[in-house]
Amino acid sequence: QKEVEQNSGPLSVPEGAIASLNCTYSDRGSQSFFWYRQYSGKSPELIMFIYSNGDKEDGRFTAQLNKASQYVSLLIRDSQPSDSATYLCAVLVSGGSYIPTFGRGTSLIVHP
Amino acid sequence: DGGITQSPKYLFRKEGQNVTLSCEQNLNHDAMYWYRQDPGQGLRLIYYSQIVNDFQKGDIAEGYSVSREKKESFPLTVTSAQKNPTAFYLCASSGQGGTQYFGPGTRLLVL
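First to last, the sequence lines map onto chains V and Y. Going by my numbering, the first sequence runs without a break in its numbering and finishes at 139. Going by my numbering, the second sequence runs without a break in its numbering and finishes at 115.
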């Protein structure tokens, strides 16, 4: 059974700090990894995706993938109160049915 | 503007009533999905469709039905058999790469 694990949090960081969100997955056939942000009462919004080992940067966000250790991380630099949300990790297995497995999400609170 | 629309934003269901949630996309995506999200919980897959006129049950399909007569549309019916329908319903679509994009959601409440 495919599993995607995230610490539910809340993760609390001060404004301006780096927030580090982690996600582990069980299926070694996983090939595509996605991070979504979900504000309270709203739908998930895609932040970024990563396919290859290493880092991928987009503005204040960096996704880090380590397939050997089966984890993917999201770093948010210069965290702002507007970054306070739940962050969902999703994992897709290649050659499968294109049904991603979602983690339950990590709640992030950025306090002024 | 390309995107996914869901309507209505809020829906109230009476006991024994069937209700239909609308989902439309103009992203030219082949695949569409319905999820249910309960407070503090993750996303649970109800149904998905990878091509017109074909759809598959997800993890919690009981009490729900769908149709996929057009590429752009994937309506979800919550039937009276669904005893605990109060939840936030999310529709998503994906193209060839598998990246899912979500609509704004419909919140279903029981009167």
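Any given hint could be a false lead.
As the list claims (entries may be wrong) - Among chain V residues calculated to face chain Y with C-beta under 10 Å, some are:
id, residue
1, Ser35
2, Arg55
3, Ser59
4, Glu72
5, Leu119
6, Phe129
Since the hints were made in silico from the structure, they are not lab data. Since the structure is predicted, the reported quantities are computational estimates derived from the model, not experimental observations. All residues carry an ideal CB built from backbone N, CA and C; glycine is no exception.
Hint check:
{"no.": "1", "hint": "Ser35", "result": "holds (8 Å)"}
{"no.": "2", "hint": "Arg55", "result": "violated (18 Å)"}
{"no.": "3", "hint": "Ser59", "result": "holds (6 Å)"}
{"no.": "4", "hint": "Glu72", "result": "holds (7 Å)"}
{"no.": "5", "hint": "Leu119", "result": "holds (5 Å)"}
{"no.": "6", "hint": "Phe129", "result": "holds (5 Å)"}
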